[in-house]
Amino acid sequence: MEERLIEFASVLRRNGIRVSLSENMDTFRALELVGIGDPVLFRHTLRTTLVKRAGDVKPFEELFDYFFLGIGQALDAIDRRIMDELGLSPEQFQEMLEQIQRLLKEMEGDLSALTRALLNNNRAELERQLREAMQQEMEQGTADNFRLTPYTRMTARLQLDRVQSEIERFKGMLQMLGENGEDLQNVLRYLDERMRDLNRLLREIIQQEQRKKGIEPRDFSQRSALADKSFAFYTEDDIRRMNDAVARLAQRLKNRLSVRRKKAARGRFNVKNTLRKNLQYGGVPFHIQLDRRKKTKPQVMVLCDISDSVLNASRFMLQFVYSVQDLYSKVRSFVFVAEIGEVTKLFEEHDIQTAVEAALKLARQYWIEAGKPGKHRIIALSPSYHGNTLLALSASAREQYKLPFREWLVDVERAPAPYPYRCGCRGDDPKCPACSGEALEDAIRRAGADTVAAFIAEPVGGSSTGASTPRPDYFRTIREICDRHEVLFVADEILCGAGRTGTWWAIEPYGVAPDLMTLGKGISGGYAPLSAVAAPERIVDVIARGSGGFLHAQTFSFHPVACAAGLAAVRMLKRDRLVERCAKLGRVLQRRLAALTDLPHVGDVRGRGLLAGVEFVEDKATRAPFPRAAKFVEAFTEAAQEAGLVVWPNVGHADGVNGDLVVVAPPFIITEQEIDELVTRFTAAHAAALRAVKAGVR
Amino acid sequence: MAHALESVQDAGDRLRAAGYLPSPEIASSAFLADRLEKPILVEGPAGVGKTELAKALAQATGRTLLRLQCYEGLDEAKALYEWEYAKQLLYTQLLKDKIAETIAGAGTLAEAAERIAGSEDLFFSERFLLPRPILAAIRSKEPALLLVDEIDKADPEFEAFLLEVLADSAVTVPELGTVRAIHIPRVVLTSNAARELSDALKRRCLHLYIDFPTPQRELEIVRSRVPGVSEQLARKVVAAVQAVRKLDLKKPPSISETLDWVRALTLLNVKQLDHDLVEETLSTLMKYEADIRKAHQELKAYLAEKQAQRPGGGSEKDHLH
Chain X
1 MEERLIEFAS VLRRNGIRVS LSENMDTFRA LELVGIGDPV LFRHTLRTTL
51 VKRAGDVKPF EELFDYFFLG IGQALDAIDR RIMDELGLSP EQFQEMLEQI
101 QRLLKEMEGD LSALTRALLN NNRAELERQL REAMQQEMEQ GTADNFRLTP
151 YTRMTARLQL DRVQSEIERF KGMLQMLGEN GEDLQNVLRY LDERMRDLNR
201 LLREIIQQEQ RKKGIEPRDF SQRSALADKS FAFYTEDDIR RMNDAVARLA
251 QRLKNRLSVR RKKAARGRFN VKNTLRKNLQ YGGVPFHIQL DRRKKTKPQV
301 MVLCDISDSV LNASRFMLQF VYSVQDLYSK VRSFVFVAEI GEVTKLFEEH
351 DIQTAVEAAL KLARQYWIEA GKPGKHRIIA LSPSYHGNTL LALSASAREQ
401 YKLPFREWLV DVERAPAPYP YRCGCRGDDP KCPACSGEAL EDAIRRAGAD
451 TVAAFIAEPV GGSSTGASTP RPDYFRTIRE ICDRHEVLFV ADEILCGAGR
501 TGTWWAIEPY GVAPDLMTLG KGISGGYAPL SAVAAPERIV DVIARGSGGF
551 LHAQTFSFHP VACAAGLAAV RMLKRDRLVE RCAKLGRVLQ RRLAALTDLP
601 HVGDVRGRGL LAGVEFVEDK ATRAPFPRAA KFVEAFTEAA QEAGLVVWPN
651 VGHADGVNGD LVVVAPPFII TEQEIDELVT RFTAAHAAAL RAVKAGVR
Chain H
1 MAHALESVQD AGDRLRAAGY LPSPEIASSA FLADRLEKPI LVEGPAGVGK
51 TELAKALAQA TGRTLLRLQC YEGLDEAKAL YEWEYAKQLL YTQLLKDKIA
101 ETIAGAGTLA EAAERIAGSE DLFFSERFLL PRPILAAIRS KEPALLLVDE
151 IDKADPEFEA FLLEVLADSA VTVPELGTVR AIHIPRVVLT SNAARELSDA
201 LKRRCLHLYI DFPTPQRELE IVRSRVPGVS EQLARKVVAA VQAVRKLDLK
251 KPPSISETLD WVRALTLLNV KQLDHDLVEE TLSTLMKYEA DIRKAHQELK
301 AYLAEKQAQR PGGGSEKDHL H
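Here the protein sequences come in this chain order: X and H. Residue 25 in this note's numbering sits at position 25 of the first sequence, and the numbers go up by one each step. Residue 99 in this note's numbering sits at position 99 of the second sequence, and the numbers go up by one each step.
Incorrect hints may have been included.
[What the hints assert, rightly or not] Listed next, the stretches of chain H that the computed footprint assigns to chain X, with coverage defined by at least 3 CB atoms under 8 Å from CB atoms of chain X:
id : region
1  : 17-28
2  : 41-53
3  : 85-95
4  : 187-200
5  : 205-216
In short, the hints are calculated from the structure, not lab data. Note that beta-carbon positions come from the ideal geometry of N, C-alpha and C, so glycine has one too.
So here's chain X without its partners, still in its complex pose (with noise of 0.2 Å):
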């Protein structure tokens, strides 16, 4: 018994349950006590004695069944049968055992164990031996595990064709030792019963072990099968092991550390500190002095993404976040989702061209989905530019960019784009339709209201019209224009978005909301080619419940090097605050630059935060461009890049082919030094196009 029991400890510690010596000296002094004819009696002493800790429990009573029981039985009944089958009595029975026995002694030769404990009998070294060999395999035997299976594995590893061999050469003995006729057939037919049996047993065991595979406590390969899953398919039952895997990490992460014990709220009597101050008192404690000592307990952080990929996993982060939490005095947990402003679904893009095209192609699935499908024509400003992909280039205002591929591109209503420096009006008039929006108005009845789609728009100008910024209420009017039409409103801020203009997006002053949101070439720092799609779950709700997809589909999309580019730059434009930078610093931009107004041909400057536009005109008070063939803007970027100055030029704004201007757009981090150093550089390239140009040099 004592053996078993040892053994048993020992199968115990295998399987993570820490059993000490003295535990094991405690059981047998409990079962002197106990006895262990009571096999429930038996089951608590066992459990009393051996098991400490509460989580420990369960896998006890398994191995407890699978030890005590499991086998035991087995071999009980096998027994039982060979009688029945042979029709010997228990005594019979005895006797030819015992006669086994003793030839076996006298054969020579090595039998292995596994035969021995067959022949002989030997119920505890047979169990011993095939919970052995079993063990092993769970442990060692994975690889193979798809080819074979465990049957054969496990006769592989008891090397049960040997058994067979020496069963067949032990038979042989009989044989030629003479035994007389029906004690032999019955030895004979015991030996194949035997072997018989052996096989069953394997396989009771086997099926036994495979019902019990999910209640293993040390179960590797199972783990690992979690792991490979997909969090999509996770059942309720793998979510409850992953909810008792996180609170035992915790619980172990608890246990392991010590609280620090720096000083306590109330401590000790202090006796020398207590004396020390009462000596006035002739040491009569009259202000008693503790020890003073309080816990101090480390500070943690913990960040967890909780963003839509990992959400079945950033739960049980979530959890141990807040198992953990009571150890420490202060936890600052940070869950994160998506970094990019408060709109929802982010569809990236690999390229920035296709930003616009999906924009637009998204607003067209919208209506669709949304029962007007005959809402399928865009409006865009002139001048304007969206890019160069067919959509993007047909909302353009470019001719010249248009002409080789007219045939292929979209008609596309216009509506003058708000542009003071050039309008009509020269920014004066409160009412003129291009500068307040109302122009949009006449495009829509033009086009018709019910085909009208969407309406696309740089909240600030890029190069087309020189960073030229509405005015205050335009956008209002626009919005309200939009929403009377029931026009999809889209904000085209890769240019003038990611903080360019001060605010996070150039849309923000105006105090409304756009449908739909273009963003790129900023939101990576220029690190990375991406760009996005924004749109609020009101419109996308809409192909959700619809057909369930937008059908615009790319090789690229979601491409998680750019999105990580994306998702650093943003990530530092917040910490380091950039956007307020470049808020302040815009503002003294625009203040050094607007004073460049005083040299000669520089007919305006404007803008927004670090995106500014200088405008050159031959004449200033007419606002005449200079002609094309002059080429000033392009001597006027030559001329800047020698002086280390690098601008961005536009030509044709004014009537389509004649216009000169750059735009400056410094990065976020420029100082205020670096700045007046710009606008020296800018006058000086300024004087030498100038001169280039009056002295026809180009």
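Given the structure of chain X, go ahead and fit chain H onto it with the hints provided.
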């Protein structure tokens, strides 16, 4: 006087006589703990009767119960013994004249110190020793049962200190020497398993895990603890609580909460459970708002189902799922 438990059966009987209804496991563990003279660590969720077990055990074995409630920051002074410093200083002050007399004839400072040292035993004697539960248990002239309640709330340092006490039943007071137990106290430690206890402590103890009771046992407990309850009500309540425990709650109701609820219902003179009544008294059963809400929802859904099934039936909640 203390009676040792004679057998598992005997342990069960005596615990029942003391008013505690043990499961066979509890009885066997109690028996072993008593006979093997080992401490027993009782773990389980809150309110299943761990402390009650200790009290019942004390009564069953005829021992005096000494209780030590553990908390974070519990140290040796509060658990073992303390010198009454204030008293000592007071005595010093009052006996100032006498002290002056003692050292009156002393020639040198060293001699004076010698004389004082001679009467050191006066000030560090039994008179000024304030024994706390553990020392009291060890020195107790009567056989004692020491209940260390909620050991998991104490620090690991405290556990380490307990080891000596548990292992040898002896305590060393530097000034008085080693104090050995006259009667070896039985020790019961309870824990809510809020944190894991050190292995060394666990080695020295037997372990008992008390879980929520089975329906039959819970019914028995209700019957014995709330004598006036009607059989039908008790059955209904037990069925309800068993079902509620199956829900995924933050704090599943324990046996003590069941008893509270039954008492509340008997106080309200209730014969039958109905929906409104349950709703009102649900707060005795569940202590978290979220849990109460969850139970309510289940209750509503279940009642609707039940009423659809049984046209004439009142509202009962038998198997709430």
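Here is what the structure says about each hint:
1. 17-28: As far as the region 17-28 of chain H goes, the hint holds, because 3 residues have Cβ atoms under 8 Å from chain X.
2. 41-53: holds (count 3)
3. 85-95: holds (count 6)
4. 187-200: holds (count 4)
5. 205-216: holds (count 5)
Comparing the model with each numbered hint stated earlier shows that all of them hold.
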